Amino acid sequence: MLLMDYLQLAWKNLWRNRRRTIITLTAIALSIMLVQALHNLSSGVYAGMVDSGVRAGSGHIAVYQRNYLESRDESLFFEDRNLVAEIEAIDGVKQVLPRLYIPALAQSSRESRGVVLIGVDPQREGQINPFLKTLPKESMLRSAASRDAVVGSRLLDELQIKPGQKFVVTAQHQDGTLRSELLYVRGVVSSGMKDIDSSLILIGRERAGLLTGSTSSVHELAVILSDPGFEAPVHRIIATMLAARPDIEAVSWQRAMPNLANAIKLDYASQKFIFLIILLIVTIGVINTLLMSVMERMREFGVILALGSKPTTLRRMIMLEALSLGLLAAAIGSLLGCLATWYLVSVGIDLAALVPETLEFGGVVFDPVMRASWNPGWMLQIALYVVGLTLLAALYPAIKAGRITPVEGMRHH
Amino acid sequence: MSLIKLKNVSKIYRLGSQRIPALADLSLSFDAGEFAVLAGPSGSGKTTALNLIGCLDRPTAGQVIVSDLELGTASPRELADFRLQHIGFIFQSYNLIPVLTAAENAEFTLMLQKVPKRLRRQRVCQLFLELGINGLEERRPADLSGGQQQRVAIARAMAADPHVILADEPTANLDSHTAEGLLELMRRLNREQGTTFIFSSHDDRVISQARRVIRLEDGHLADDITITT
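These protein sequence lines are chains D and Z, in that order.
Position 147 of the first sequence, counting from 1, maps to 147 under the working numbering, and the rest follow consecutively.
To convert, count from 1 in the second sequence and add 413; that's the working numbering.
Next up, chain Z with everything else stripped away, as it sits in the complex (with noise of 0.2 Å):
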């Protein structure tokens, strides 16, 4: 049984008296364990596409179901519990929180769902080992490098034990070492612990690391290939 389901989904923003069409008619199943890319130029859905996977967003028109919960008729409180317990969020501009440090980001979302502060240190301590940032945990995030706050971002998605990732284009900050070192680390937490990761990316380099390519055009469904090896 699929984890996510995007059935027939539109998506219309307003900008003023305009009518701007982000998504169109798409329909999209995702099962537990996918390792997938959103892949397309710019403009053409990838991020509206994660927002409603994401319960950040609901459609214009069809349906969204994520792990039996229908977005268009929850509520925001219903939508804000099940991001804090099924879904982990990566973001293309890393979004940590300043005046916190790296630990603490990290433990953001178990401290929201109210988990003792030590066992939040050490389940962030035993994920930043994993990620390999381990002795950045006091740091803040204006003294880590781009790579180091997306491992920080990463392990904050992770610490809650997420059914799915979203990641929107995590890796565009990045130099291209940096990245595919990133890309490696995701495959790998993807390979042994089983989280459904989607994300979206324009870059090549990185949609040919995905097991299943999406491409979008105008908010379309282009493509849909799952590589197997």
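If we strip away everything but chain D, and leave its shape as in the complex, we get (with noise of 0.2 Å):
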């Protein structure tokens, strides 16, 4: 038989039972719908977990001395040697943050509090740094030398002093002396996250660079990317360029924000065992549509076969007909998706009524609007999958009918 011929065949089969080839048609594209646009929107929302985290934390890749991402000693720091200049210059980085990690204690003349200051270049974290993009103007550190400090709203509190007043940090200097700094309350955050908003404080590179006495180093060199996409070449870029100095490892934020890529993990497993029990689901609707229709035909296929047609050939017959159902289920499911996806990517879900506005996920704070993002590659991958499951479904039917012997076939009534 022509390629031709069995579509044609394959094709008349399908509509045989009309309505039934619907209601199997409509449950697979839905199904493809759901679990397309569900994708789409659990990547959307890590998506902009990761953004948010990244450029908070450790960028989308972080360069660390070796040894500090596991300890944290605040003595594993690094010259810069005109590093940041180096990687900002490789394609498809946006901006590299340099960033002092100091253990510290504040004290304002009421309260005293263990914290951990952090060293920042004003200029570069303001354009990307979450903590400082939503703050005024006039809130924002001013220079990397300044005394100026952002520090977290609960800890304002705690220290029981106002915005414009004067606190001091106390921190251990290398040659292992305590050193002191003023320093002035110039902008507030308020994250949401109780962690951040009862130890924050952000203060200019070089102010810290005098507590420690090393206003050249850093702990961590945040790389910000232009697109999440270009990770893997920047960081093989970045490892070649540090191939010189091996005190000096460049790792992914996987790496250096453990909390977040676990949760994300975590909850993307629990997503993959909602979209296979649907899978599932539908795969069982099918295997159900098609052995029906192959038990109500098994006289006709006794037939066929008396005509002299192989086992094989009606394999191939029951086979092609599985596929056009699966071929046209992803076509009509696509579209579905591509169209809920579409709703989910510009006008989203909003949960404000349903979640706590400071809930947290993996150390960032939930954005209680959810925003689907395209996914096209997963789409394909996901419909062809579904053709391939249906495929697979036809196979005990297929084999069924091929087993027959075309006079017992001809004795089915």
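Hints in this document: simulated from the structure, not taken from any laboratory.
All of these numbers come straight from a predicted model, not from anything done at the bench.
A virtual CB, placed ideally from N, CA and C, is assigned to each residue, including glycine.
Hints are supplied without guarantee of correctness; some may be wrong.
Derived PhoX-like pairs (lysine-lysine); straight-line CA-CA distance at most 25 Å [as the list claims (entries may be wrong)]:
id, chain 1, residue 1, chain 2, residue 2
1, Z, K530, D, K12
2, D, K166, D, K137
3, D, K94, D, K137
4, D, K162, D, K137
5, D, K310, D, K265
6, Z, K527, D, K310
7, Z, K527, D, K12
8, Z, K530, D, K310
Covered by chain D, according to a simulated footprint, are these stretches of chain Z (three or more residues, beta-carbon under 8 Å) [what the hints assert, rightly or not]:
id, region
9, 464–476
10, 512–524
Put the two chains together into one complex; each comes in its own frame, and the hints tell you how they fit.
Structure (structure tokens):
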């Protein structure tokens, strides 16, 4: 039989029981739409969280002194030596944020608290860091050497001070002595995350360096990319660049921020499990449809075999019926998936009324307006996966039909 | 030389632990161009004999040789190929494929033989004209009368120019007038094209049309008469 004949016959057989085919088609198409739209929504939400996380945290790629990540030992800093400029020159790199992290004691006239001072470059950080981006200009750090500090709202309350008031931070200098610096509250950050709001102090990097005695040193270079898709190639280039400095390493955000990476992994795993259940239910439906369609045609198959068809031809006919069903469902499902994704990208789902404003996920504040992101490769993968499942579901009915003899088949009523 | 030979053929069906003999030590041979009927009451073994001649089933004992093909040693694939190339079937209840049109049904064996669509349609149109069903090509089986459906089934059986056409009670579901017309048609095709027709029937009016009558009783050969005119 020629391929076109097979396809025509398969198509006609598919519509033999119009109602049953439409119901099965609808079930498959809706499940494809659901899986595609849910996956795109998750991707969008994860991407938003990663974006927020890398901007406030390690960047898409972070450069550290070896062992710093594991120990967070403040003595493990390294000299910049033009590294910031070199990394910024790489295609796909949007910004490099040099940072110092210094454990310190913050004291007001009334209270004292243990904190981690973050020494930043205000010019660079102001465009990227979500804690600073939302601050009005008059609340921003004015320069790397200024005595300005941006403080977490809870810490401010605990120290019982107000914006504009002074406080002192004390940290250990690299020579072992304690050094103090007087700072003024310039801005207040209210992130919604308890850990951040009760410990954050952002100051200029030079001022922070005075405390430790290393104004040109950094603990971290947070590399922000213009597109997360550049992560692997940029990582490779930075790693090559650092080959001459074996004491320094470049790590991915997943390694630098394991909490966020693991939270996303766990959430994605549970999503995949739900997808699997949806697809399993659909597969059972497809098996049922195809098996019913085959069982009620046993007599006809007997006749077809009697006329000279080989069992393989019969199996091929049934597999092509399943393929037609799968392809049609994949096309309709993907079209619906695109429409649903378009809605979720442009409008999104507003959960503000259902979740608290400060809901935290993997160390990042959860944005109550969930928006999807387009993921055409994955959508195609799901559609093809369902076509594959449909073919898999057709295997048993096809094998069963191919096993009958013409006489057995023709005895069926 | 005989086209079809059955040598001491037995066929026993198993139904659970029961053994049901359908044919017992049957020996027969058919020459090319015969117009023969297997006659006998229900359960006499007519359909079983036709199934064996048509390579649809294998004997329990004995040999069935059709155009030099020995059924017992042929693989299912070889049997399917043989049926496709050499044998045409007409069934009692027509057994047309409901989703295909009359022409597509008649083309089915040619389609299995991978004959291009244009040539298939040419052949089928010619057959429909000969069988008096031209104009019904695009109708579905459900829209045809019993007689028309059986003619489509004959067109399907004849489309690939088989050596032998086997018909199992071909007139059983037809009224006497249509049955008579159909038999006349089969005789004409036999006469004009030399196609071998072997059919089964228990209807005396049908049996009387055959040039050879083979009577079966309880799976045994009761009588084998060739009518000379």
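Status of each hint after checking the structure:
1. Distance hint between K530/Z and K12/D is fulfilled; the C-alpha atoms sit about 17 Å from each other, no more than 25 Å.
2. Taken as a hint, the K166/D and K137/D pair is honoured in the structure, with Cα atoms around 19 Å apart against an allowance of 25 Å.
3. Using a Cα cut-off of 25 Å, the hinted pair K94/D and K137/D holds, with the two alpha carbons roughly 22 Å apart.
4. Proximity of K162/D to K137/D is assessed by CA-CA distance (about 18 Å); at most 25 Å being required, the pair is judged to hold.
5. Among the hinted pairs, K310/D with K265/D is inconsistent with the structure: their alpha-carbon atoms are about 49 Å apart, more than 25 Å.
6. A threshold of 25 Å between alpha carbons decides the hint, and for K527/Z with K310/D the separation of about 13 Å falls inside it, so the pair holds.
7. This hinted pair checks out: K527/Z and K12/D have alpha carbons roughly 19 Å apart, not beyond 25 Å.
8. Using a Cα cut-off of 25 Å, the hinted pair K530/Z and K310/D holds, with the two alpha carbons roughly 20 Å apart.
9. Judged by the Cβ-Cβ criterion of 8 Å, the region 464–476 of chain Z is covered by chain D as claimed, because 4 of its residues qualify and three suffice.
10. Closer than 8 Å: that is the beta-carbon criterion, and the region 512–524 of chain Z has 5 residues meeting it against chain D, so the requirement of 3 holds.
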